[in-house]
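Undergrad: Protein chains in written order, with numbering that gives the first Met the number 0: chain P, 0 to 327; chain A, 0 to 679; chain B, 0 to 255.
One or more hints might be untrue.
To be verified - Residues from chain A shown here face chain B by an in silico Cβ test under 8 Å; the list is partial: (1) P248; (2) E376; (3) G378; (4) L380; (5) E382; (6) Q385; (7) Q392; (8) Y394; (9) G399; (10) S401; (11) R403; (12) E477; (13) E478; (14) L480; (15) L483.
Unchecked claim - Straight-line C-alpha distance at most 25 Å; calculated SDA-like pairs for lysine to any residue: (16) P:K138 - B:E239; (17) B:K212 - P:T110; (18) P:K259 - P:E223; (19) A:K487 - A:F241; (20) P:K292 - B:K145; (21) P:K292 - B:E239; (22) P:K189 - B:P162; (23) B:K23 - P:K189; (24) A:K645 - P:P312; (25) P:K138 - B:E225.
Hint data in this document are derived by calculation from the structure and do not stem from the laboratory.
Ideal Cβ positions, reconstructed from N, Cα and C, are used throughout, including at glycine.
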Amino acid sequence: MSQDVWILAEHFQGRLNDITLELVGKGRELAQAKQGKVAVVLLGSNVNGLMSELAGADVVFVANRPEFREFTPEAYGAALEAVLKDAHPWVVLMGSTSVGLDLLSLLSARTGKPCLDSCTRLDIRDGRLFATSQIYGGKLFAEVALSDTTTLVAVVPGSFPKPENAAAGRPEFQEIALAALPEPRTKFRKLIEPPPGDVDITKVPVLVAVGRGIQNADNLSMAEELAEALGGTVCASRPVIDQGWLPLTRQVGKSGMTVKPKLYLAFGISGAPEHWEGMKNSELIVAVNTDPKAPIFAGAHYGAAVDALELLPLLTEEVRKANLKKAS
Amino acid sequence: MVPTGAQLGPVPAWAILWLMFLIAAGLFAWRAVFLVRLLMLGRPEMRWDRIPERIKRVLVYVLGQRRMLDEPLVGIPHVLIFYGFLVFLMATSGMLLQGLYPSLTIPSLEENRYLGPVVDVFAVLVLGGLAVTSFRRFVLRPAGLQLTWDATLVNILIASLMVTYLTAEGFRLVAWPGERAVWLPFGSGLADWFGRSEALRASAPGLYQGFWWAHVSIVLFFLAYLPYSKHLHLLASPFSVFFSRLDPPGRLPASAAHAERMGAERLEEFTWRQLLSAFACAECGRCERACPSHTSGEPCSPRQLVHNLKVQLLQYGPALLEKACAAADGGEPALIGGLIAPNELWACTTCLSCVEHCPVLNEHLSVMVDLRRRLVERGELDERLQEAFGNLQRYGNSFGQSERKRAVWTQGLDFKPKDARKGPVEWLWYLGEYACYHPTLQQTTRAFARVLHAAEVDFGILYEGERNTGNDARRAGEEGLFELLREKNTATMQKAKFNNIFTTDPHVYNTLKNEYPDLNHGRHPVYHYTQVLQDLLDRGRLKIEHKLPYRVTYHDPCYLGRYNGVYEPPRKVLRALGVELKEMPRSRRASFCCGGGGGRVWMEEIGEAHSRPSESRVKEAASLDGVEMLVVACPKDYVMFTDALKTTGLEGRITVRDLSDLVAEAVGAEAAARPQDKAA
Amino acid sequence: MNIAVLTKQVPDLVEGVEIDSTGKAVDPDSIRYILSESDDHAIEEAVLLKERNQARVEVFSLQTGEVRDSLCMALAKGADRVVIVTTGLEAPPSNHTAAKIFASVLQGLPFDLILTGVRAIDDLDGSLGGLLAGYLNLPYVGLVRKVELANGAAMAVVQKEFPGGYAAELEVKLPAVLGIQAAEQPPRYVPVSRLRQVMKTAKVEEQEATPPKSESVAVERMFKPEEGAGATMVSGTPEEVARQIVNLFSERRLVR
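Chain P extracted, bound-state conformation (with noise of 0.2 Å):
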């Protein structure tokens, strides 16, 4: 087994996502820690105009092919899997998303090699490599030994931070080799685009969030109130969209937007790991739960276990009163 760290690159829409950056540059601290390479697959099409974006790695094997134009787990997988078949890193770090989450498990049960979900920390001790966990809707955390074979890690996006300066590397690119692909079972047929949004949340400054303890959907509008005299908008939690009270694209998670607001403000929001993925970077967070025991309160700057139906209201009033004051 090398001591090399392997990244498998997500992109989508001719970008990289964060998460490939986040890993790489993690890679890249595990790997100095051992003299080791960090090596990123990039499977895709025209994948050209990505490579820029790579820098930080050593090698960046490639295979840039029209049947990886589009995600297919299928795809990806068996490509994937002959790559790993002949290479031993030690340890190979992709993304715990809508990508990785399929190849994760696919390649555990092809390659044999052992497989961690949810991981938020890597931390090397006595030359081991330490893998952390979140499981029970972050309750509890599981650190785990990674054994001696090479380990498949996924990775909770926004654990690691991303590399401030582009890196200033120049990667050895190279060609994946790849014997025909069997004629695949799965097949992209479109993308779905989210229904058209009012307001793109990723860059409103102030959001006013909204989970499930805002009960029904007329309370609503006391939270629309307080985004009014704020300057914000209205944002939620996945269980408020699934009731169908907000549009899709007013979801921040896992599955629905990552947002970095100067004040993420959280209103009967438990703080369960989905959604917290999708916020957890913001500036100042206040969250407001019935609950002092709720998750949201480990993280968040500050927090108040009051009644977010009874506070909501009063801030409104507070707020309205300090912009007059600010006004005058």
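For chain P, the structure is supplied; the task is to place chains A and B on it using the hints.
TA: Coordinates of chains A and B only, in the frame set by chain P:
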């Protein structure tokens, strides 16, 4: 002199009358039989028991017209019209009989010196009553009262009956002045007036006959028409009252045993008494006016529900009757989704106002619940309700909190309440889920526990063994869930050791008292805590340290007041506390529901509610001069009204306090819970 | 058309989860089990497919937890057959082990579609569906929110969720394994009366399977998130809280 003594053309007059009578009676009988056969489509239900009580009900509600006086403006005229009807029933029958048998001498009421004036005066009273009711119906147009040709025609028929009678009387007295021996005030007044005209004097006998025939013809027409009109309530209501439910209203009828499906939707799945509601309904609209959901603009209307049942029955019943002879099948379109929208059913809070105010003792609630049961059976319920049911099933509470946390509220007490499961205790305090889990109410629960402790009441609780009693789940239509909860709770209580039960939650009170048969049979009487407090105060076991100087009003909870008649104990307790009590206009059995019952707290808001029931109620409380506090005795009331204070902006004007909380304050129990928002 | 649904029971978070004395695993006595949420959606999606096509649904589960209850629930919702797979294992197995067990059970059986929840809260070593697909050499798509049959049930057209509200429509040749994220409609309600009836009359089959050599990740320790490191809590009456929070905004010039 007898109007039918002579010939009418070639035929004796009495023969014509006989013909008319037979036709009218025949039409009437044919229709009546048809309607009864429609009722027989319904499934059987035993309502022949306890006959003396049933007779008493007929005397009180039909003869005594008790419920009419709930709305005096129309009630008094209706009473007059009703008694007028009874009087005229006798008078006109006499007239008819005489007409059919002209050769016999049948004593007539008009010729009786005592009864004659009665009939005469009643004719005018009825006209006066009609004038008021017509004014109300056609000019004032109260909600729930339909303007139909049927109603108009009925009014016209009754009025013309009175007018023809009086006019006939007048002409009779002109034609045969000897009859004046019997003093008929209005009849003779008319006679005097007619008598002034020579022409009228001359034709008086003929005119008398004419108006006599007119009167009798109208009556026969009315007889034939009656079973086709809403005036059918005249015939059907004595039966609907006689066959009304004697069980306490808090005991909901179970779903039909051995039925394949829960609840009812097809006509044949309702009981004959439920179908009878359709015919007994006079479409007076009292139920609708009393309904809190309807008043708030929600799509719920008890009157409409019964009306739609009638429409369905009349429209599709006949086909079912025919097929009953041939082969049994449907052909009946679905009631729900057809005439009745699901929202109309979900909007009901089960407050019982409709049943309480119905003059013919109809049971709108049982029809509604049966329809809900069918919706639940089909899985057609909103997600929040599904979630609540799932939580009740799994955790024994609708909040979705662990059952292990049921007694967490006891932390914060400096004593440990006894565990009735290990017992023995005198009193089992059945708390209910709101008292145990709701964050604000937990303080109130603790305060009351301290009151009991200080009064040295020997009480215990079931700790984690306590589960939701199922009152609201049952009324939301999940009969199976109710039975499951009842089984579990009964098993838990059977193992526990206690004598009596009391509870701070009227919903718990209602179902334990009325729907848990294995508890009853006198062995474990169930009380509401106000009854217990009243007793403690009476016996001096509870000392009021400081009288409370508040000016308050009290809201009668639906499940305590209207359902179970407990009106006085809370008031006695309040008076003992020293507060000044002012009653709201809608109090006691007219109390206006907070909107949270029947599982409504677990559902989405329905329709465009422009003023929720809870908001209407707090406004009513705030409208009372000088009243600063609304006292409640039910946790749902507390939650609904404190919310309503915020949404109506009345927070500074009035506070909401639970009665037990006031008791704790007056008794000086330490750290009596004080609400976070106080009156300014 | 035959559909298999694989389900499992997981700790109910309402009751909380505690770590056992070894510090490496969850304390089984602290747990109350409940059907994994996405498996519930998988059952729903299977029943929907059955209702729209001529299909048969069979639900399988390993032994852990209140399995009988949830399998009876599946029958009440419309499943045709339910099976508890017994292995004699004491502790709930890892997903790798579970996938191998199911692979041996399903091997050779004529299932066109195998549905399972895409992930469960106690997953650590990947997801069951993907592993199973790998062992059986079947195509796999995870995070599926909609399934339709096409080409006379030779193919499934699925929608796979992506972030930001995007989704990919893929066609998959059957037989295949799908990891369900959410069914097209929320799991249907089964009235208690029907459930109890089913529980009285239902037949829950049992099938034995020999567990393979156990494969699991080496958990060094389990721990709860640090308490203390967390939000600065603002306390007081709601009015006071509102004032303090708005002060925070003013300090950071977040007020307009």
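Undergrad: Please go over all the hints and tell whether each is borne out by the structure.
TA: Here's how the hints hold up against the structure:
Checking A:P248 against chain B by beta carbon gives a least distance of about 24 Å; that is not within 8 Å, so the hint is violated. A distance limit of 8 Å between C-beta atoms decides the matter here; for A:E376 the minimum to chain B is near 5 Å, and the interface restraint holds. Because the closest C-beta pair between A:G378 and chain B is about 4 Å apart, less than 8 Å, the hint holds. Among the interface hints, the one on A:L380 holds; its C-beta lies about 6 Å from the nearest C-beta in chain B, closer than the 8 Å criterion.
Look at A:E382: its Cβ gets to within about 6 Å of chain B, closer than 8 Å, so that hint holds up. Here the hint on A:Q385 is kept, as its CB sits about 5 Å from the closest CB of chain B, short of 8 Å. Interface restraint check: A:Q392 against chain B, minimum CB-CB distance 6 Å, threshold 8 Å, status holds. A distance limit of 8 Å between C-beta atoms decides the matter here; for A:Y394 the minimum to chain B is near 7 Å, and the interface restraint holds.
A cut of 8 Å between beta carbons decides the hint on A:G399: the least distance to chain B is about 6 Å, and the hint holds. The interface hint given for A:S401 holds, since its Cβ lies 5 Å from the closest Cβ of chain B, which is under the 8 Å cut-off. Annotation: A:R403 was flagged as interfacial toward chain B, and the flag holds, the nearest CB pair being 7 Å apart, inside 8 Å. Given hint, A:E477 at the interface with chain B, holds; its Cβ is 6 Å from that chain's nearest Cβ, closer than 8 Å.
Against a cut-off of 8 Å between C-beta atoms, the interface hint on A:E478 holds, since the closest Cβ of chain B lies about 6 Å away. For the restraint placing A:L480 at the interface with chain B, the shortest Cβ-Cβ distance is roughly 4 Å, inside the 8 Å limit, so the hint holds. With 8 Å as the threshold, the beta carbon of A:L483 comes within range of chain B, its nearest partner Cβ sitting at about 5 Å, so the hint holds. With a C-alpha separation of about 30 Å, the suggested pair P:K138 and B:E239 falls outside the 25 Å cut-off, and the hint is violated.
For the hint linking B:K212 to P:T110, the alpha-carbon distance of about 17 Å falls within 25 Å, and the restraint holds. A C-alpha spacing of about 19 Å is found between P:K259 and P:E223, which places the hinted pair at or below 25 Å, so the restraint holds. A threshold of 25 Å between alpha carbons decides the hint, and for A:K487 with A:F241 the separation of about 37 Å lies outside it, so the pair is violated. Of the pairs offered as hints, the one joining P:K292 and B:K145 is violated, with about 35 Å between alpha carbons and a cut-off of 25 Å exceeded.
Distance restraint check for P:K292 and B:E239: the Cα-Cα separation of roughly 21 Å lies within the 25 Å cut-off, and the hinted pair is therefore satisfied. Between P:K189 and B:P162 the CA atoms are separated by roughly 16 Å; this keeps the pair inside 25 Å, and the hint holds. Between B:K23 and P:K189, the direct Cα distance comes to roughly 45 Å. Violation of the 25 Å bound is thereby established for this hinted pair. Pair hint A:K645 plus P:P312 holds up; C-alpha atoms about 9 Å apart against a cutoff of 25 Å.
Among the hinted pairs, P:K138 with B:E225 is consistent with the structure: their alpha-carbon atoms are about 10 Å apart, no more than 25 Å.
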